[in-house]
Amino acid sequence: MPKEKLVVIGNGMAGCRAVQEVLKRDPGRYEITIFGAEPRVNYDRIMLSPVLAGEKSFADIVINDEAWYRDNGIVLHAGCKVEAVDRAARVVRVEDGHEVHYDRLILATGSDPIRLPLPGADLAGVVTFRDLDDVEAMIAAAKPGAKAVVIGGGLLGIEAAYGLSKRGMSATVVHLLDVLMERQLDASAGFLLTEALAGKGVATELEAQSEEIVGKDGRVAGLKLKDGRTLPCDLLVMAVGIRPASGLAKAAGLEVNRGVIVDDTLRTSDPAIYAIGECVEHRGQCYGLVAPIWEMCRTLGEALTDGQGTYEGSSLSTRLKVSGVDVFSAGKHLGGAGCEDIVFRDAGRGVYKRIVLEDGKVAGAVLFGDAADGGWYFDLMKSGEDVAGFRETLVFGQAATEGLRGLDPSAAVAAMADTAEVCGCNGVCKGEITSAIADQGLTTLESVRAVTKASASCGTCTPLVEKLLKLSLGDAFQAQIGPKPVCGCTHRGHDEVRRRIVDEELKSIPAAMQALEWTTPDGCSSCRPALNYYLVCAWPGDYRDDKQSRFVNERVHANIQKDGTYSVVPRMWGGVTSSDELRAIADVVDKFDIPTVKVTGGQRIDLLGVKKDDLPAVWADLNKAGMVSGHAYAKGLRTVKTCVGTDWCRFGTQDSTGLGVRLEKFMWGSWSPAKVKLAVSGCPRNCAEATCKDIGVICVDSGYEIHVGGAAGLHIKGTEILTKVATEDEAVWTICAVMQFYRENAWYLERIYKWMDRIGLDAIKAQVEDPEARRALYDRFSYSQRFFRVDPWAERVAGRDAHEFNPLSRRMEFEPA
Amino acid sequence: MNALVKDPILWTDVGAVTDVPLRGSRRVPTADGDIAIFRTGDGKVFALRDRCPHKGGPLSQGIVHGHAVTCPLHNWSIELATGEPMGADRGKGCAPVVPLEVRDGRLLLGRI
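Just so you know, the protein sequences line up as chains F and R, in that order. Our numbering puts the first sequence at residues 1 to 817. Our numbering puts the second sequence at residues 1001 to 1112.
Simulated from the structure, these hints should not be mistaken for lab results. Some clues are possibly wrong.
Keeping only pairs whose Cα atoms sit at most 20 Å apart, straight-line, the calculated EDC-like set for lysine to aspartate or glutamate is [claimed, not checked]:
| no. | chain 1 | residue 1 | chain 2 | residue 2 |
| --- | --- | --- | --- | --- |
| 1 | R | K1044 | F | E195 |
| 2 | F | K143 | R | D1019 |
| 3 | R | K1044 | F | D234 |
| 4 | F | K547 | R | D1019 |
| 5 | F | K81 | F | D96 |
| 6 | F | K547 | R | D1042 |
Sample of chain F residues with no beta-carbon within 12 Å of chain R, all distances over it, derived [claimed, not checked]:
| no. | residue |
| --- | --- |
| 7 | E4 |
| 8 | V82 |
| 9 | A84 |
| 10 | D264 |
| 11 | D326 |
Values in this document were obtained by computation on a predicted structure and should not be read as measured data. Ideal Cβ positions, reconstructed from N, Cα and C, are used throughout, including at glycine.
The task is simple: from the sequences and hints, build the whole structure.
Take a look at the structure:
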């Protein structure tokens, strides 16, 4: 018998979820075809706001990729609009006249954004906020410093304004009423939200009525308000609500009111046709949120597989997706006759909670500033549990309440049914998570996310997923929490960050922060330099160094001193100099009135007390005499100290000066996790002190001993011998291989000796004693050096980023401030 | 602008907002020492005296993150809106806030 044909019109959240619900119950039953008007696979529309804000990418919000359609034998017509449904012939007709037969049809056409019929609404730069195309149009318009006006202070309008402000625009929300999100918030929470948005750079115009969109040369230039003011803007977003997209159903002669009318089994007035999602009207109610849609899809999944189950309407809860602004609302948030309120405020933390009780049960809640317990209140509301017994602690949340009642907080999680939904975004139930943990031996949040997608989208259910891990693994989960985080901006450790930058081809700081879910907008002074280094190391030639993520010394190629002046150290290859160089240094000292000249421990000369404005001119003079930056400021190769070796010394066994110069000329300019100092001694008397350097060479009659892991600073540590090689070439290859292994493997600011303590000398030996591994490391180092063996001084003398050294303005120079 | 300062009586145009790099800073010399103007990742601008309350380090040379700057000398983090040290160093002095306004994309520094 041929399979029944199931056709779905709508490739959005509802349409695809309905198909998933059918496949879950009876995978082989239908031959499935999906039509989608958007030319792409199924994605999580509610996560468009974070995409707009640059906090997530499109790839992050895809729910079902192409493989899902393929694996389930689903035919997807993406970017294909259905023109008509012929109910008598049971076919749907698409744009090009092509027809597809159905036995059962699901309408999941969603909704259309409302466009206000204002004069000027057809100007370029006036957009709505519904799909990825809208988001891309907004991102394209979001030039830093440009202005955006968003009409509509509801959930979507606020998220749009926040996203645009994160993109560098100055955004203003224009709202008709005096409270933002008045359908979810009361006046107190609305006020706090207005304040919080102002803190995030989003301005608000309340009780403002739009009159006309003003244009210039066919593009939007401003929004004129009824009160006579005009708000200038380069982009205007209309986010004033949605309307069920029921035109197709109406044309097909189905019963339609505001939306397509369905019964409790989601059937329309035609028994072969079902409708779900934002296009439907059920018991007089239309929905624009995701949770009711999931509930409808479950019922429809039952109905299409001969199961029982009815849909009886949904309670609603809302969360705002604006980073750092926690807002939750559910039920009768405004209270009303017969209702009581419990209110809690903490001005210092900006927290406001209002729990609405009716007949001793939770009837609604508004949470601002701390919305962690939103789910708990919502559950209490839906279950209708009598809360009179713990009314005193109710407002303090689940942990306080259950702690005082003597309940084990994990008991609630344990008691959840396997079919209870944990992740609303991706529709993952508790049972799927616990069996994935057990069957696949998952031990981390990340692996659960990768396997089940639970908590992988908006992340609200992360605590619940963690509790499930804890419940399944016991103490093993605690022990598993993992390495020390890079800094307070993330919970990820250095190794994971480094690995994922390479594996996921992350090539910018924003990309890395996004993919690795940084919890701060632009990191801090600890993580930014670390990420910058990891990117420099992983992508030589591709990555554009972010100088705002460099510590000042690396940004201005000199060392800042306690009085704000700088010290300048030109390179002296292997510690060898000449009369010309010394004369040039002397001239620079005189010309720029440099107060102190000091010989350093690394065999070169330090010029101290140079004013920042003078740096480029000092460098220009040193460059003229053939000298380049000594990188005395760098987390990178500093010096190669040498003794005079066979050139002069009666004990010398090899040309230690020559090797030192060769090493320095090959390795200079390379960045590394922390500073790297080298030395080459020509005999075991070790005059160059090679055994307390990061990498040292002791020349002997039969060749070269390579030492690693010394230090003579905060800690004093002798090197350990890594290997011995016979020729100078091999010594260079080995040292560069060690350097590259260190560059690719160590944590930022970790000196070689600390890194060696952590990973063990044998791990380094294994790399350099295997000729292939050594060769590969050497080749990667050589490749990287093609980009970094460049004198930063010369680049600055040539004028790169000259503003770094010039004051912004001298107009106030002689005025008291 | 900031509630901590009185209304300035004299404004000086010191340049365009975009002359200050994002997540960066520029300085404006005055007879009483430098003023540092910061521009944060979200495009906001702030002005402080360019002296860390700790040891006088030039804040304009620090790394700007969020609405804070970390002094290059000893890593104190200073809140840009108030000039006050953050975290454990809170309450240990402050870098005075300088009146700053943006008009038509220009930066105006105020004198009291």
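Now the hints, each set against the structure:
Proposed proximity of K1044 (chain R) and E195 (chain F) is supported: the alpha carbons are some 16 Å apart, at most 20 Å. Proximity of K143 (chain F) to D1019 (chain R) is assessed by CA-CA distance (about 16 Å); at most 20 Å being required, the pair is judged to hold. The hinted pair formed by K1044 (chain R) and D234 (chain F) meets the criterion: a straight-line CA distance of about 19 Å does not exceed 20 Å. Taking the CA atoms of K547 (chain F) and D1019 (chain R), the gap is near 16 Å; set against the 20 Å cutoff, the hint holds.
Straight-line distance between C-alpha atoms of K81 (chain F) and D96 (chain F) comes to about 9 Å, which keeps the hinted pair within the 20 Å bound. Between K547 (chain F) and D1042 (chain R) the CA atoms are separated by roughly 17 Å; this keeps the pair inside 20 Å, and the hint holds. Taking the minimum C-beta to C-beta distance to chain R, about 54 Å, the non-interface status of E4 (chain F) holds against the 12 Å cut. With a least CB separation of 43 Å from chain R, V82 (chain F) remains clear of the 12 Å interface cut-off, as annotated.
The beta carbon of A84 (chain F) sits about 48 Å from the closest Cβ of chain R, which is more than 12 Å, so the claim that it is off the interface holds. For D264 (chain F), the requirement that its beta carbon stay farther than 12 Å from each beta carbon of chain R is met, with the minimum near 48 Å. With a least CB separation of 18 Å from chain R, D326 (chain F) remains clear of the 12 Å interface cut-off, as annotated.
When each numbered hint is compared with the structure, no violation occurs for any of them.
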